[in-house]
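On the provided structure of chain Z, position chains E, R and H as indicated by the hints.
Residue numbers (the working numbering), protein chains in the order written: chain Z, 1025 to 1232; chain E, 1025 to 1232; chain R, 1025 to 1232; chain H, 1025 to 1232.
Simulated from the structure, these hints should not be mistaken for lab results. Please note that a few of the clues may not be correct.
Chain copies aren't distinguished; within one or between two, either way the pair holds.
Claimed, not checked - Derived SDA-like pairs: lysine to any residue, alpha-carbon spacing no greater than 25 Å straight-line: (1) K1139 - D1168; (2) K1139 - E1159; (3) K1139 - T1170; (4) K1139 - H1158; (5) K1139 - D1172; (6) K1139 - L1225; (7) K1139 - R1231; (8) K1139 - F1167; (9) K1139 - M1228; (10) K1139 - W1183; (11) K1139 - Q1171; (12) K1139 - T1163; (13) K1139 - T1180; (14) K1139 - D1182; (15) K1139 - R1229.
Number of protein chains: 4
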Amino acid sequence: MFDVTRYAIAAQSIIDAGRFLYGQGWSPATSSNYSARIDDEHIAVTVSGRHKGQLVAGDVMVVDLDGNAVQSNARSSAETRLHTVLYQTFPEVGAVLHTHSVKATVLSRLLPAGKPLTLQGYELQKAFSGIDTHEAELTVPVFDNTQDIAALAQQTGDWFRQHPDQPGYLIRGHGLYTWGRTMSDCLRHVEAFEFLFECELETMRVRR
Amino acid sequence: MFDVTRYAIAAQSIIDAGRFLYGQGWSPATSSNYSARIDDEHIAVTVSGRHKGQLVAGDVMVVDLDGNAVQSNARSSAETRLHTVLYQTFPEVGAVLHTHSVKATVLSRLLPAGKPLTLQGYELQKAFSGIDTHEAELTVPVFDNTQDIAALAQQTGDWFRQHPDQPGYLIRGHGLYTWGRTMSDCLRHVEAFEFLFECELETMRVRR
Amino acid sequence: MFDVTRYAIAAQSIIDAGRFLYGQGWSPATSSNYSARIDDEHIAVTVSGRHKGQLVAGDVMVVDLDGNAVQSNARSSAETRLHTVLYQTFPEVGAVLHTHSVKATVLSRLLPAGKPLTLQGYELQKAFSGIDTHEAELTVPVFDNTQDIAALAQQTGDWFRQHPDQPGYLIRGHGLYTWGRTMSDCLRHVEAFEFLFECELETMRVRR
Amino acid sequence: MFDVTRYAIAAQSIIDAGRFLYGQGWSPATSSNYSARIDDEHIAVTVSGRHKGQLVAGDVMVVDLDGNAVQSNARSSAETRLHTVLYQTFPEVGAVLHTHSVKATVLSRLLPAGKPLTLQGYELQKAFSGIDTHEAELTVPVFDNTQDIAALAQQTGDWFRQHPDQPGYLIRGHGLYTWGRTMSDCLRHVEAFEFLFECELETMRVRR
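For reference, chain Z alone in the conformation it holds in the complex (with noise of 0.2 Å):
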């Protein structure tokens, strides 16, 4: 059984993310999906479809950690399982964030299949947890987009295992995937990512 306070906090701080990310942009058109732990076995997850700058109470349901609704007939976030993989794979994770930018999305299909992003001598680069210099070199995976959720994350999963520093990745085509200890640490990850992604287009727009 999940303490409903904690749900209830996990819950606002999801509401508010939402607020803020679709207001950058990053979440148009009902897509995105955020979640937040509550505890060992207990993610608070939006449910499906809903606008994301104007969530309220009831947009936020609880799953377990196989993605599995409790105590809900709402239908989560059809991508549930990629947060899900993530608080199983890490502990320390408090926050997932699945944002939707133009430029993740025109990025993500600009890289060759099978291509990561490499991102290199930014000092915002320093924005990411556990990174202190700008000379780190930043790799960001891209994987096709998929309906298969499953294999998704079974894929997701094993890559960040092995390579458990690295930030995100993006779904060619889809967006972005970032976490964080906390929903601020998480936030700050997305607005990170987003400045290198534009910075990356503004490099290629103006070198074409």
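Using the frame of chain Z, we list chains E, R and H on its own:
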């Protein structure tokens, strides 16, 4: 005779839509026009030439399905028949939005005459009612601009009777038309289109 | 002598215009200047060097049609005579706005010396008073920047006496001048120009 | 000993600057740092790692001109000495802002090693204190990024002692440093720089 309360509710949805769309930069300089269905025979539609981010009650009038003003001397939008032909063709449509963004305008001018905009591989295609996979192909026809609205209403009505699953169209140098069962669905469709237009333009900017 | 109430109303329209224009990013770093007609002999105009998004009552002074301060020791905008020549040339003009956007600045620098910006095929050309078709051709002359304002006032006055239907001009590396019968019309003209500038630049970006 | 009221006023100017700069997108993901002079020996500066759009009183500390914390155990910004060297070199400087925009980051990475950014022909150059014509040439040096702040403080101090009229500099992949007599002047300088950076990038985007 139309129900006054239903008119008032339809008008309010239009006023609210205008605040949002103008705020996004998609309805500049008194451009654009919006409508919502009142009943089988009556449509609420914006009066011609009003600032779309500052609509008030008197800026929304009633027309019949031929575009004639009902109980009003006000001049409806010059393009009213582009709205009414959709309500006639699709009984389930409850709202139609014509927006006028930079991206819709530029993209429509870049496409060669007779060629539609085709979109594929974007997860956000699923934002359109009836689409459930990123592997579907969206076809967005581009019609030449004209001051002869009756002819354009005929053209668009014919095309969409043959392609009822496609969610909208462009008028060259003039903007986007899209619709939905509710105003909420329709706004989501506009957001999705603008996202996809920007993805396409961004891809064109970075590719030689 | 000017009517104090008419001055106050003109000043308020300028203050409100500044909040909007600064918020759009079109009047950065204390650039720009705005004016509105009080009567046949008096113009309200922004004092030199004030933050245009934070104008208060004391930031708007009165000048005569030669640009001389009336009942004030404040320094009017350095470019006041670019405003007064328009009020002298066109008795029906009630407001003049000089804005300083990135797009106006960049476009004006890209155009070869002596060549105007010509625009055609945009439905939004109809936002300019007197234009009723997208097939008309808009001509926007570009004047070289100079610190000799008297000479530039002469140049612009002469050109628009010969082309009274054209709605505005650019100063190279310096921005846009446009006007209208009312402040509301004038703001609509600025919005339309910025939209068209962005369309032109976007087209250049993707066609490069 | 510093005057507490002067500290409070300096801190408030920093907090307000942060709200504005973060809102513009120029201080993402806890990047950036800001300072203001309290007196000849004391500087108010942002504590390391705080969200710059949500600064509160406890996020601003006091340091001396060598960057040592005064009456505090908090950790000042890692780059404090890049601020203090400016207060030492220029007694009239009252505020220093380091911002971290996409445009500053990208432009600084595009410039070849050893080459400054030179700007000419922009009317908005006059936004910088001491510049009164668009025909002047602005030189913005680009220093390589480094974790050795003492060395960079030496480098920047030396360069600006030789070029006291130039208004700011870039750190490659890291952002902009600029200053002013007051926080208000300094904010105007940041706005002017970001405008000019965008003009330069836009020109590069459209030119082959």
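Hint check results:
In this assembly of identical chains, the alpha carbons of K1139 and D1168 lie at most 25 Å apart only when taken from the same copy (11 Å versus 29 Å across copies). For a Cα distance limit of 25 Å, the shortest separation of K1139 from E1159 qualifies both inside one copy, at 20 Å, and across copies, at 22 Å. Proximity of K1139 to T1170 under the C-alpha cut-off of 25 Å is restricted to the intra-copy arrangement: shortest distance 18 Å within a copy versus 29 Å between copies. Proximity of K1139 to H1158 under the C-alpha cut-off of 25 Å is found in both arrangements, the shortest distances being 22 Å within a copy and 21 Å between copies.
In this homomeric assembly, K1139 and D1172 come within 25 Å of each other (Cα to Cα) only inside a single copy, at 21 Å, whereas the closest approach across copies is 34 Å. In this homomeric assembly, K1139 and L1225 come within 25 Å of each other (Cα to Cα) both inside a single copy, at 16 Å, and across copies, at 23 Å. Proximity of K1139 and R1231 under a CA criterion of 25 Å is satisfied in both settings, with 20 Å inside one chain copy and 18 Å between copies. Taking the closest pair of Cα atoms, K1139 and F1167 come within 25 Å of each other only inside a single copy of the chain (10 Å); across copies the shortest separation is 32 Å, beyond that limit.
In this assembly of identical chains, the alpha carbons of K1139 and M1228 lie at most 25 Å apart whether taken from the same copy (17 Å) or from different copies (21 Å). In this homomeric assembly, K1139 and W1183 come within 25 Å of each other (Cα to Cα) only inside a single copy, at 14 Å, whereas the closest approach across copies is 41 Å. In the homo-oligomer, the alpha carbons of K1139 and Q1171 lie at most 25 Å apart inside one protomer (21 Å), although the nearest pairing across protomers, at 30 Å, exceeds that limit. In this homomeric assembly, K1139 and T1163 come within 25 Å of each other (Cα to Cα) only inside a single copy, at 10 Å, whereas the closest approach across copies is 30 Å.
In the homo-oligomer, the alpha carbons of K1139 and T1180 lie at most 25 Å apart inside one protomer (15 Å), although the nearest pairing across protomers, at 39 Å, exceeds that limit. Only within a single protomer do K1139 and D1182 lie at most 25 Å apart by alpha-carbon distance; the minimum there is 17 Å, versus 44 Å between protomers. For a Cα distance limit of 25 Å, the shortest separation of K1139 from R1229 qualifies both inside one copy, at 20 Å, and across copies, at 21 Å.
Figure legend: structure checked against the earlier numbered hints; every hint is met.
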